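Taken in sequence, the protein lines are chains A and B.
Okay, so the first sequence: first residue is 1 according to this note's numbering, each after it adds one.
Okay, so the second sequence: first residue is 1001 according to this note's numbering, each after it adds one.
Source of the hints: derived by calculation from the structure; they are not laboratory data.
Heads up, some of the hints might be wrong.
Computed beta-carbon distance windows for the label pairs [as the list claims (entries may be wrong)]:
| hint | chain 1 | residue 1 | chain 2 | residue 2 | range |
| --- | --- | --- | --- | --- | --- |
| 1 | B | Ala1036 | A | Phe103 | 35 to 43 Å |
| 2 | B | Ala1010 | A | Val151 | 41 to 49 Å |
| 3 | A | Leu102 | B | Ile1037 | 26 to 34 Å |
| 4 | A | Thr82 | B | Val1075 | 37 to 45 Å |
| 5 | B | Gly1016 | A | Leu38 | 38 to 46 Å |
| 6 | B | Val1075 | A | Leu168 | 41 to 49 Å |
| 7 | A | Gly230 | B | Val1030 | 14 to 22 Å |
| 8 | A | Ser171 | B | Ile1071 | 32 to 40 Å |
| 9 | A | Gln212 | B | Ile1009 | 22 to 30 Å |
| 10 | A | Gly155 | B | Gly1016 | 45 to 53 Å |
| 11 | B | Gly1012 | A | Gln58 | 49 to 57 Å |
| 12 | B | Gly1012 | A | Leu179 | 33 to 41 Å |
| 13 | B | Ile1071 | A | Phe228 | 20 to 28 Å |
As a list, the in silico SDA-like pairs of lysine to any residue whose alpha-carbon atoms are at most 20 Å apart [as the list claims (entries may be wrong)]:
| hint | chain 1 | residue 1 | chain 2 | residue 2 |
| --- | --- | --- | --- | --- |
| 14 | A | Lys9 | A | Thr211 |
| 15 | A | Lys157 | A | Gln147 |
| 16 | A | Lys9 | B | Leu1070 |
| 17 | A | Lys9 | B | Leu1076 |
These numbers come from a predicted model, not from an experiment.
We put the beta carbon where it would ideally sit given N, CA and C, even for glycine.
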Amino acid sequence: MNVEELIAKISIPPEVLFTIGPLRLTNTILTTYVVMALLVWFAVSVSRNLQLVPGRLQNLAEMIIETLLNTVEGSLGRPTRTYFPLIATLFIFILVANWLSLFPLFGTVGLREVEEGHEKLTPFFRAPNSDINTPWSMGLIVFFVVQVTAVRYQGAKGVLKEWAGPVLALSPLMFVVHLVSELSRPLSLSFRLFGNILGGDVLLTVMSFITQKTAVAYVAGGLIPIVFMGLEALFGLVQAIIFSMLTMAYLTLATAHHEAEEHH
Amino acid sequence: MDHGSAARIAAGLAIGIGAIGPGIGIGIAVRGAMEAIGRNPESRDVLFAPFIIGIGLAEAVAIYGFVTALILSFVLSA
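Start from the sequences and build out the full structure, keeping to the hints where you can.
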């Protein structure tokens, strides 16, 4: 493999596997459905047969949910039960998607095509979050939920009052500032996740390439990418934590003012 | 200089310069957390979540530079 082939291997948009009418099935979509199927299977097989004294699988599920619930409850307080499903789903989905994409089938098994004399591999599976559409759609969901929550807890008047700021003369300026800060939230949320996961993919590809080409390959060729895979596993967890914790922080901010007013 | 080379040099500059600020920021954050844990080892659990979020926010700036670099080198340089 030379450098041109390495560059050809790195692609920012997801690869299209096949098209059904106007719908394009990309490898990130396929992986998203695999992750969803895994999670649904796990949820169904745990909850179909719930017992007072939990078995092994139920114990695991209860441990995960309890840890998450305690963390969210500590920050969000009373409205936890309303928003916990969203926050926990985001966390679990991002974590499973990130960790699953470290498995061997990812990026290596796919359709082989010959294009202009070059062999091109279209992998079946690719990390869902390395496609900007996945994080961006999750970011949009969070954005709309936070706006609706703010209106629900503070009222339309309260939101407008907060956006206008304390000084009436400065309110047009404050309005623009608030608008930019609100709109930057889904943008920064999604680009952070996207950049980290795509960056991890590119890093792993480049590291395997470098270690193939040098004398190091004969000694520790397989070991060096493994170190970076360990790092990627850590980053996958950290990004899942950051995405869900920031969602929680935004929701806490949106619900907090109402409760503060109640105490006066 | 042609368009492709300019885009590649810009990509290198985008991530190179863009990583300086977050690097300093994360260093300061880690120092603060380490000092806090050193003074009060029990604060470790309380500090963890805000620490991770703070680092994530600082790191996001580097990620923007990285995304810019990727777009420059793979989309605009072609």
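- CB of serine 171(A) to CB of isoleucine 1071(B), is that within 32 to 40 Å? Since serine 171(A) and isoleucine 1071(B) have Cβ atoms about 37 Å apart, the given range 32 to 40 Å holds.
- Message: Can you confirm whether the C-alpha distance between lysine 9(A) and threonine 211(A) stays at or below 20 Å?
- Response: Cα-Cα ~16 Å, so holds.
- Query: Do glycine 230(A) and valine 1030(B) keep their Cβ atoms within the hinted range of 14 to 22 Å?
  - Reply: For valine 1030(B) against glycine 230(A), whose Cβ atoms are near 20 Å apart, the range 14 to 22 Å holds.
- Task: Verify the proposed pairing of lysine 9(A) with leucine 1070(B), using a straight-line Cα cut of 20 Å.
- Result: It holds: about 13 Å lies between the C-alpha atoms, which stays within 20 Å.
- Query: Taking the beta carbons of alanine 1010(B) and valine 151(A), is their distance inside 41 to 49 Å?
  - Reply: holds, 42 Å
- Query: Taking the beta carbons of glycine 1012(B) and leucine 179(A), is their distance inside 33 to 41 Å?
  - Reply: The hint (33 to 41 Å, Cβ to Cβ) holds, given that glycine 1012(B) and leucine 179(A) are roughly 34 Å apart.
- Query: Would the pair lysine 9(A) and leucine 1076(B) pass a check requiring their Cα atoms to be no farther apart than 20 Å?
  - Reply: holds, 17 Å
- Query: Given a hinted range of 49 to 57 Å, is it respected by the beta-carbon distance of glycine 1012(B) and glutamine 58(A)?
  - Reply: Distance hint for glycine 1012(B), glutamine 58(A) holds at roughly 52 Å.
- Cβ distance range 26 to 34 Å for leucine 102(A) and isoleucine 1037(B), holds or violated: holds, 30 Å
- Message: Quick check: does the Cβ-Cβ distance between alanine 1036(B) and phenylalanine 103(A) fall within 35 to 43 Å?
- Response: At roughly 38 Å between Cβ atoms, phenylalanine 103(A) and alanine 1036(B) fall inside 35 to 43 Å, so the hint holds.
- Query: Should the hint that isoleucine 1071(B) and phenylalanine 228(A) are 20 to 28 Å apart at their CB atoms be regarded as holding?
  - Reply: holds, 23 Å
- Item | Restraint status (C-alpha distance of lysine 157(A) to glutamine 147(A) at most 20 Å) | holds, 13 Å
Taken one by one, the earlier hints all hold for this structure without exception.
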